[in-house]
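Each chain, letter by letter, is given below.
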Amino acid sequence: MNHGKYPFILSFLAIPVALYVWLVIIPFAQAFQISFTDWSGSTSEFNYIGFDNYVNLFKDEQLVMPAIRHTAIILVVLPLVTIVLGLFFAFMLNVGGKSRQGRISGVAGARFHKVVYFFPQVLSVAIIGILFQQVYAPETFGGLLTSTLSAVGLPAPPNGFLADKNFVLLSVISVLVWSAVGFYLVFFSSAMASIPQDLYEAAILDGASRIQTFFKITLPLLWESVQTAWIYLSIIALDVFVLVYIMTPERGGPDGASEVVGGVIWKYAFNHGEQAFASALGVVLFFAALSLAVIALRVGRRERIEY
Amino acid sequence: MAQDIADNRDTAAKKTPRPARSKRDSPESGFFVNLLSHSFLWLWGIMVIVPVVWIVISSFKTPREIATDPLGLPAVPQIQNYLNAWTNGNIGQYFLNTFQVMAFSITGTMLLGAMVAYVIARYEFPGNRLLYFFFAGGMMFPVFLALFPLFKTLENVGLLNTKTGLALVYIAYSLPFTVFFLTAFFRTLPHSIAEAAMIDGAGHYRLFFQVMLPMARPGLVAITIFNIIGQWNQFLLPLVLMSRNPDDAMISQGLANLAMRQGYEGDPGALFAGTVLAMIPVFIAYVIFQRQIQAGLTAGAVK
Numbered sequence: 012m013n014h015g016k017y018p019f020i021l022s023f024l025a026i027p028v029a030l031y032v033w034l035v036i037i038p039f040a041q042a043f044q045i046s047f048t049d050w051s052g053s054t055s056e057f058n059y060i061g062f063d064n065y066v067n068l069f070k071d072e073q074l075v076m077p078a079i080r081h082t083a084i085i086l087v088v089l090p091l092v093t094i095v096l097g098l099f100f101a102f103m104l105n106v107g108g109k110s111r112q113g114r115i116s117g118v119a120g121a122r123f124h125k126v127v128y129f130f131p132q133v134l135s136v137a138i139i140g141i142l143f144q145q146v147y148a149p150e151t152f153g154g155l156l157t158s159t160l161s162a163v164g165l166p167a168p169p170n171g172f173l174a175d176k177n178f179v180l181l182s183v184i185s186v187l188v189w190s191a192v193g194f195y196l197v198f199f200s201s202a203m204a205s206i207p208q209d210l211y212e213a214a215i216l217d218g219a220s221r222i223q224t225f226f227k228i229t230l231p232l233l234w235e236s237v238q239t240a241w242i243y244l245s246i247i248a249l250d251v252f253v254l255v256y257i258m259t260p261e262r263g264g265p266d267g268a269s270e271v272v273g274g275v276i277w278k279y280a281f282n283h284g285e286q287a288f289a290s291a292l293g294v295v296l297f298f299a300a301l302s303l304a305v306i307a308l309r310v311g312r313r314e315r316i317e318y
Numbered sequence: 012m013a014q015d016i017a018d019n020r021d022t023a024a025k026k027t028p029r030p031a032r033s034k035r036d037s038p039e040s041g042f043f044v045n046l047l048s049h050s051f052l053w054l055w056g057i058m059v060i061v062p063v064v065w066i067v068i069s070s071f072k073t074p075r076e077i078a079t080d081p082l083g084l085p086a087v088p089q090i091q092n093y094l095n096a097w098t099n100g101n102i103g104q105y106f107l108n109t110f111q112v113m114a115f116s117i118t119g120t121m122l123l124g125a126m127v128a129y130v131i132a133r134y135e136f137p138g139n140r141l142l143y144f145f146f147a148g149g150m151m152f153p154v155f156l157a158l159f160p161l162f163k164t165l166e167n168v169g170l171l172n173t174k175t176g177l178a179l180v181y182i183a184y185s186l187p188f189t190v191f192f193l194t195a196f197f198r199t200l201p202h203s204i205a206e207a208a209m210i211d212g213a214g215h216y217r218l219f220f221q222v223m224l225p226m227a228r229p230g231l232v233a234i235t236i237f238n239i240i241g242q243w244n245q246f247l248l249p250l251v252l253m254s255r256n257p258d259d260a261m262i263s264q265g266l267a268n269l270a271m272r273q274g275y276e277g278d279p280g281a282l283f284a285g286t287v288l289a290m291i292p293v294f295i296a297y298v299i300f301q302r303q304i305q306a307g308l309t310a311g312a313v314k
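Note that the protein sequences, when read in sequence, are chains P and B.
Residue numbers are given in the numbering used here: position 212 of the first sequence equals residue 223, and the series is strictly consecutive.
Residue numbers are given in the numbering used here: position 12 of the second sequence equals residue 23, and the series is strictly consecutive.
Everything labelled a hint here was simulated from the structure, so no lab data went into it.
Hints should not be assumed to be uniformly reliable.
Cut-off 27 Å, straight-line C-alpha distance, at most; resulting in silico cross-link-like pairs (DSSO-like, lysine-lysine) [said to hold, decoys possible]:
1. Lys-163/B - Lys-174/B
2. Lys-278/P - Lys-176/P
3. Lys-16/P - Lys-163/B
4. Lys-70/P - Lys-176/P
5. Lys-227/P - Lys-70/P
6. Lys-163/B - Lys-278/P
Produce the complete structure using the sequences and hints provided.
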């Protein structure tokens, strides 16, 4: 059984490990290293300047600080709204239907809803960005939302939602929620499917209402899935950039009103030629993601319910 | 008096036959909650469908109709938009580029990912756990952080702005999740079959390719779907690593360029048609494999 084991293991690991080290590990390690230099990225000269980049990050009121604030807003709103909607829809579609002789079922048309809701998940973020750029466009450019609003006699921002400082961030977050809800609906559905039916049947016999069933049975038993979803959505929230890049004016505008951390890293690295500064911000982002995951796992730890 | 009796009879009739259901479906609270939640379910469905249908309808309009009558139907369907998108808009070329890169990167991802996962899951050797965390840990890295060093790395070896370079990067960045997922999957496969094959004289390589890979098929299918959708939707990596020649763009990147150019050239019809063209393969695949795609993508997240 063990004959030729080590040559075999080595032959299987050599190429993937080499590729992974070369293209993932070393670039990340270099980014950490670069963050302690004053490297612009264009020349080969640089000096080590310690934590100066990190200190300067928090003095940049033009790009970095607004971006951190906006990312923080997304970090709170996106997981919260997506999870609440995802749980609500999953509950409706799996156990929200009328009970026939105590049997649990979803509402009518549950399968259809699942198919439709999930669809945005397979669309590329570029397509979603182009789609919603047009939905939010000003009425004179034929925007769907603006035209609909004025067709029913409601006011719409004259230059469209994306050119309006008050709406642009909200518009981006709405698109993120729009595209993510279906995934979490299906995600929570599969977790709900493993909850034994008799728990619900017993609750209904005892006269529990739908809302009570949800808070007393479904939610506690789904807690681990909610926690996982929270971590995933937090990482998505920290990485938001492509939608902002495609949809918003000046890739973070108007007037920096939709600037996000990912976008600022991009701008410093590839437009402003301040590679070291960009790397420092990237390192901050990395530790933010790491601590969020750790916190989510610690705080969310509850007694595991066996069933 | 008669009214009272009628009321009593009414409530009695409601209570006696199905005491268990009376609270759950009581008309006062139940009806309102029901109506509200059902309306909301349908509202969300409409919110998903309408923008997609609207862009399909708009793709058949003239630019003038798009601007002046956004909610109406096209007077004459403009098939020309699609021809413009395919040729002037270069959508055909972008499709081809994406297929070329992905044919290489998906094969590479699955083969290399399965090899690593298999070794980690089924063989004892020093550093086994460490190797697992080494790969799985990659899931935590924000890709922004590595973009510039990656750009320099590829530039140094002459792979910047090449399809080979991009495909290698896709493989490397798909490995963490693929290894993470497949390791769990290979662990669940029964040991007895492997032992039987070994006794029958199969070597380590034959065991992997002829016994373990076929057995791992459900897991391989799920993670292949995950990787295809992920790489098809990739935007950031091609934006940085394939930026020199616009004709080399991947489909998402090409569409985004079209959207940005549209500002001056003003052919929204072609842009919409291009967007619809890019949606069609995904849509068809989704309609056919909807169950597997949902299962594959969410199983990827749960494990």
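Against the structure, the hints:
1. For a cut-off of 27 Å, the pair hint linking Lys-163/B to Lys-174/B stands: about 16 Å separates their Cα positions.
2. Our distance criterion of 27 Å between C-alpha atoms is met by Lys-278/P and Lys-176/P, whose separation comes to about 20 Å.
3. Pair hint Lys-16/P plus Lys-163/B does not hold up; C-alpha atoms about 38 Å apart against a cutoff of 27 Å.
4. A distance of roughly 23 Å separates the Cα atoms of Lys-70/P and Lys-176/P; the hinted pair therefore holds under the 27 Å criterion.
5. Between Lys-227/P and Lys-70/P, the direct Cα distance comes to roughly 48 Å. Violation of the 27 Å bound is thereby established for this hinted pair.
6. Under the criterion of a C-alpha separation no larger than 27 Å, the hint pairing Lys-163/B with Lys-278/P is consistent with the structure, at around 17 Å.
When each numbered hint is compared with the structure, violations occur for hints 3, 5.
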